[in-house]
Each structure stands twice: as structure tokens, then as C-alpha cells.
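Colleague: One-letter residues, chain by chain:
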Amino acid sequence: MNRDVIYFDNAATSWPKPPQTIAAMQNYMQNIGGSPGRSGHRLSIEAARIVFDAREKLAQLFNVPDPLQIVLTRNATEGLNIAVFGFLKPGDHVITSGMEHNSVMRPLRAMEARGVGITVVPCDSDGLIDPGDVVKAIRKNTKAIFITNASNVTGTVMPVSDIGRLAREHGLVLCVDAAQTAGCFPIDVAEMNIDLLAFTGHKALFGPSGTGGLYIREGLEKGIEPICVGGTGSRSEVETQPDFMPDRFEAGTPNTVGIAGLRAGVEFVLAQGVAQIKSREEKLVRMFIEGVSDLPGIILYGRKSVDRRTPAVSFNIDGMDPAAVALELDEQFGVMSRSGLHCAPAAHKTIGTYPMGTVRFSFSFFNTEEQIIKSIEALKQIGKGRKNR
Amino acid sequence: MNEKSQYSVMLFKAVSYVLKAEKILKKENLPHKLIPVPKNISSDCGICLRFDPALQNKIEAALLNKVEVEEIRALRD
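Keeping their order, the protein sequence lines are chains E and Z. Here my numbering = 1-based position in the first sequence + 2. Here my numbering = 1-based position in the second sequence + 688.
These are calculated hints, taken from the structure and not from any lab test. Do not take every clue at face value.
Unchecked claim - Listing some non-contacts, in silico: residues in chain E with all C-beta distances to chain Z over 10 Å: (1) 34; (2) 39; (3) 229; (4) 300; (5) 343.
Said to hold, decoys possible - Here are the simulated distance ranges between beta carbons: (6) Z:741 <-> E:25: 18 to 26 Å; (7) Z:723 <-> E:272: 31 to 39 Å; (8) E:273 <-> Z:765: 43 to 51 Å.
Claimed, not checked - What the simulated footprint calls covered on chain Z by chain E, stretch by stretch (three residues with Cβ under 8 Å from a Cβ of chain E suffice, anywhere in the stretch; the number is not a length): (9) 718-727; (10) 737-748.
Everything numeric in this text was worked out from a predicted model, so none of it was measured. No residue lacks a Cβ here, since even glycine has one placed at the ideal position from N, Cα and C.
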């Protein structure tokens with residue numbers, strides 16, 4: 003590992019990963035290697051056990067009653083595509099927020115072109131949605147609410163439990179994009195009335211890229227068409243897609259090596275405990291926000307308090323292009339950040355940073371106080387240089 | 689007829705269901721074995737659970753309302 007690098011881009015993908023993730027992937031490649039659910043030999047069965055066990059651990063993490071209600075996907079985007087393209091029909095209406103990532107917005111816009119009505123509920127300048135505004139947007143043909151659990155730009159955590167309650171009251175399906183929260187924020191699909199939960203494996207779940215999933219509430223799968231069909235290892239005698247979970251949505255050989263890593267990553271999260279991970283990250287965010295809020299020229303976006311936010315923080319240095327700040331952070335200070343629009347133009351319009359974007363720092367469990375102090379010093383230096391230009 | 693060569697197999701929709709059943713039976717200490725589905729039963733390429741017919745009631749009770757079982761067949765080697 004390069005110890006000179008300060009990696010603050012965990013909202014894009016987390017790094018480093020726990021050693022267990024890497025060891026599990028190596029073990030699969032070296033000692034197992036079989037295709038899960040395809041053959042009857044011991045290596046195939048062992049591979050299938052890994053995949054099943056990954057589902058079980060994810061089910062434990064999200065309080066999903068049946069592990070087989072979790073579809074394993076390439077990423078959160080694929081899960082959201084299943085939810086949007088498989089579930090919505092022309093004539094339906096859906097509600098979403100003004101803080102969505104393009105992984106929600108683009109599939110919804112694509113369905114809009116096919117006759118689905120979309121209402122984008124505006125959020126306040128911190129990126130927070132008012133559940134009352136969601137209720138006002140409900141129409142006769144409203145079928146679902148698609149909402150991010152937390153913004154990837156500002157880290158703002160949405161009041162998903164409140165929205166879940168009103169979705170239930172109005173008979174609407176609630177689909178939550180948990181790309182930024184799965185693993186670092188408590189998620190309970192039963193308690194929060196979540197019907198569809200899309201998550202990624204390579205961020206706070208500490209799996210590798212190419213992993214993720216979609217939880218589908220039992221019974222709801224019947225109303226969702228698969229967007230990809232093919233071999234499943236089950237019902238081989240019939241030439242139509244099986245209708246049962248999770249095979250209905252899992253065609254083709256899965257990313258077994260990735261799932262082996264994901265399983266180890268989730269195991270790590272369960273062993274540490276989401277509450278402990280969250281409190282560690284809150285400490286880092288608090289330290290960073292307190293450290294930079296007095297710096298001249300720094301503009302912070304989103305909530306200034308650490309409650310109801312993830313460890314993703316957006317900021318700008320007044321008068322500087324965020325891309326130039328990010329480049330200087332990398333080249334002069336070894337700090338890895340992400341600048342620009344973060345695939346979420348709607349969110350940047352909401353917080354008033356469109357089209358310029360922001361610089362984003364996103365911390366993880368593996369970051370240290372020392373790294374936060376160094377990054378604050380770096381921003382101080384960059385800010386000073388700005389005045390001398 | 690050799691009674692000892694008799695066994696039963698339990699068939700499921702897919703391998704993930706077999707593994708779900710396997711976890712439950714392991715927990716309940718009910719002996720079983722995963723084997724490829726015998727060709728004379730199904731053309732499917734999956735695996736099934738093989739067990740002693742004497743345990744059928746206990747195994748069925750353990751899986752009730754937890755794993756959907758497709759079929760149980762008594763077989764002979």
C-alpha cells in the first residue's frame with residue numbers, strides 16, 4: 003500500500019479494502035474456482051456456498067427476512083435499472099428527489115420518454131427533502147417513490163423512514179438507492195418500509211468493484227420483469243426465464259470472485275458493527291468540517307453538523323476551479339479527491355454549484371485523524387496560493 | 689431386496705434453495721448429502737439432497753415454511 007497517499011475518494015470506491023476481502027478473492031481463484039449453481043461437483047457446490055453465504059450476510063445487515071430475496075448485481079446502477087425498467091410501465095407516475103445520482107435519474111428519464119410521468123421534488127440548499135412535499139406530489143397513477151438514502155455530493159441523509167411510512171400509507175412502492183449508505187449507515191428494510199433496496203458492494207461494504215445487489219420485497223418480484231435473461235443453472239429444460247428469486251433476475255455466470263470478496267467485506271462490516279463504523283467516520287467528518295470552516299475562501303456545502311450525514315463532504319475554494327484544486331491536492335499534497343459534478347447534475351443544481359461542481363472528500367473507516375489534519379493544512383496552503391495569484 | 693441401499697432425494701428449484709436447506713439441516717444435526725440430481729429423475733443439471741428415508745419426517749419438519757421443496761423421491765442404488 004502506498005502510505006504517502008491520502009485516499010479521500012471512498013464515495014467513488016473505497017480503498018484500501020480489508021485484507022480479508024483480498025484473501026477471500028485469492029482463495030476462490032486459487033482453491034475453488036467452480037461455477038456456482040451449475041454443476042454437482044464439490045468445487046461448484048463450494049462456489050455456490052460462497053454466493054449463498056454472501057446473500058445471507060447481506061440479509062443480516064439489512065434485516066432482510068429471506069436471503070433469496072437479494073439479487074446480486076454488478077453494482078447499484080444495475081439494481082436500479084431492474085427496478086426502473088422492470089417495474090414501471092407507460093402511464094405510471096413516479097416521484098423522485100432533486101438530489102438523485104444519474105443512476106436513478108437516467109433510467110427514470112429514459113422511462114419518461116416511454117410515457118412514465120416523473121415529479122422531481124426539490125430539496126433545500128443542504129440537499130434535504132421535505133416528506134410533506136413528497137405527499138403533495140402524489141397523483142392517482144403514482145406507483146413508486148425513488149429516492150437516494152444519502153446524496154453522493156453533500157452526504158445529506160434523506161428522511162427515508164418518514165418517506166417509507168407515507169409510501170406505505172399511500173400504497174406506493176419505495177425504492178431506495180443505498181450506494182452511499184450500505185455498510186456505513188444503519189439500514190433496516192422492514193422498519194424503514196423499503197420495498198426495493200439497491201446497493202453497491204465496492205464502497206462501504208468493502209467488496210471489490212463489479213459487485214452489488216437489489217433487495218426485492220417478497221411478492222413484489224412477480225410485478226418486475228427481468229431486464230436480462232439467460233442461463234441460471236435451474237430449470238434447464240425450459241426455454242423461458244424462471245419466475246422465482248433470485249434466478250429470475252440473475253442470468254449468466256455471476257462474478258463469483260467478486261462475490262467472494264464482497265462476502266468477506268460484509269463480514270468485516272458486521273464484525274466491526276455499522277454503529278462503530280459510523281461513529282468513527284462521524285469523528286473524522288466533524289474534525290474536517292471544524293478544521294476548514296474558518297479557513298478563508300472555503301465554501302462548504304451540505305449540513306455542517308455530523309448527524310444525518312455520510313462522510314462525503316463537498317466544498318469549493320472561492321475563485322478556484324474545483325478541478326484545479328483537486329489537481330493541486332493530488333500533485334502537491336498526495337490527497338485523492340474527486341472534483342466536478344459527481345454524476346449528479348440534479349444535486350449540484352439544488353445546492354447551486356451547477357455546472358462548475360465541487361471538490362469532494364469522502365472518508366472511510368480506514369482514514370486517520372492525522373490524514374484529516376494534513377488535508378486541512380493542504381487546503382490552507384492552496385487557499386493562500388490563490389490570493390497570491 | 690437390500691434395505692440399506694434405499695435412500696431418498698429431495699429436489700429443489702435451484703441450487704440456492706438446496707444450500708438454504710443444507711444450512712438448516714446442519715444446524716439441526718440432521719445427516720444429509722448433496723449429490724448431483726440423478727438423471728432418471730430430472731434432466732436438470734443441478735444438485736439435490738440425499739438422506740436416509742427414516743429421517744424424512746424430521747427433515748421435512750425442519751424445512752417447513754423455510755425452504756420450498758419441489759419433490760421427494762425414494763430411490764434404490
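Colleague: Each of the hints needs a verdict: does it hold here or not?
Modeller: Checked hints:
1. Look at residue 34 of chain E: its CB is around 15 Å from the nearest CB on chain Z, clear of 10 Å, so calling it non-interface holds up.
2. For residue 39 of chain E, the condition that its CB be more than 10 Å from all CB atoms of chain Z is violated, with the nearest at approximately 4 Å.
3. The claim that residue 229 of chain E lies off the interface holds: its Cβ sits roughly 20 Å from the closest Cβ of chain Z, which is beyond the 10 Å cut-off.
4. At roughly 51 Å, the least C-beta separation between residue 300 of chain E and chain Z is larger than 10 Å, which holds for a residue marked as non-interface.
5. The Cβ of residue 343 of chain E sits about 39 Å from the closest Cβ of chain Z, beyond the 10 Å cut-off, so the non-interface label holds.
6. At about 42 Å, the CB distance of residue 741 of chain Z to residue 25 of chain E disagrees with the hint of 18 to 26 Å.
7. Checked against the hint of 31 to 39 Å, the pair residue 723 of chain Z and residue 272 of chain E passes, with Cβ atoms roughly 32 Å apart.
8. The supplied range of 43 to 51 Å is met by residue 273 of chain E and residue 765 of chain Z, whose beta-carbon atoms lie about 45 Å from each other.
9. Chain E is given as covering the stretch 718-727 of chain Z, and this holds because 4 residues of the stretch bring a CB closer than 8 Å to a CB of that chain, at least three being needed.
10. With 0 residues having a beta carbon nearer than 8 Å to a beta carbon of chain E, the stretch 737-748 of chain Z misses the requirement of three or more and the stated coverage is violated.
Comparing the model with each earlier hint shows violations of hints 2, 6, 10; every other hint is respected.
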